[in-house]
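Start counting the sequence shown at 154; every next residue gets the next number (my numbering).
The reader is advised that the hints may include incorrect statements.
[What the hints assert, rightly or not] What follows is a set of in silico ranges between Cβ atoms, one per label pair, in the way DEER data are often shown:
{"hint": "1", "residue 1": "Asp-205", "residue 2": "Met-154", "range": "45 to 55 Å"}
{"hint": "2", "residue 1": "Asn-155", "residue 2": "Pro-249", "range": "45 to 55 Å"}
{"hint": "3", "residue 1": "Asp-251", "residue 2": "Asn-209", "range": "36 to 46 Å"}
{"hint": "4", "residue 1": "Glu-208", "residue 2": "Phe-176", "range": "19 to 29 Å"}
{"hint": "5", "residue 1": "Leu-210", "residue 2": "Thr-180", "range": "35 to 45 Å"}
Hint data in this document are derived by calculation from the structure and do not stem from the laboratory.
C-beta: ideal position from N, C-alpha, C; glycine also.
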Amino acid sequence: MNYMNSPVQSDIFRSDILARLFFGKYTDDERLVSHLEEAVELRKKYLSQLEDIYENLKHQLSKPRVISMQFGIKDYRAQVEVLEQSISYMKTDNHPVDYWD
Numbered sequence: 154m155n156y157m158n159s160p161v162q163s164d165i166f167r168s169d170i171l172a173r174l175f176f177g178k179y180t181d182d183e184r185l186v187s188h189l190e191e192a193v194e195l196r197k198k199y200l201s202q203l204e205d206i207y208e209n210l211k212h213q214l215s216k217p218r219v220i221s222m223q224f225g226i227k228d229y230r231a232q233v234e235v236l237e238q239s240i241s242y243m244k245t246d247n248h249p250v251d252y253w254d
């Protein structure tokens, strides 16, 4: 119960794909695209699993758990979107800085 009465703390976030992108200058674009494609497939798998769980249990879940599930679903959808955009960006001939605007 002490935990629920304590202040909210900063999230701890660790991402293998972001680490690979950060050090991406040490490999070629084809390898990075391959890593990005793997990351998309993995997140799509997790998203599908989470959506299935949610659909099967949503009527039994408390409001906080519904929020938690929706947070996870929307997070995976956003990650898939950015990763797919990243693949397109990596496949462009040049690197326009306004690609993401």
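Which hint numbers does the structure go against, in order from smallest to largest? 1 and 4
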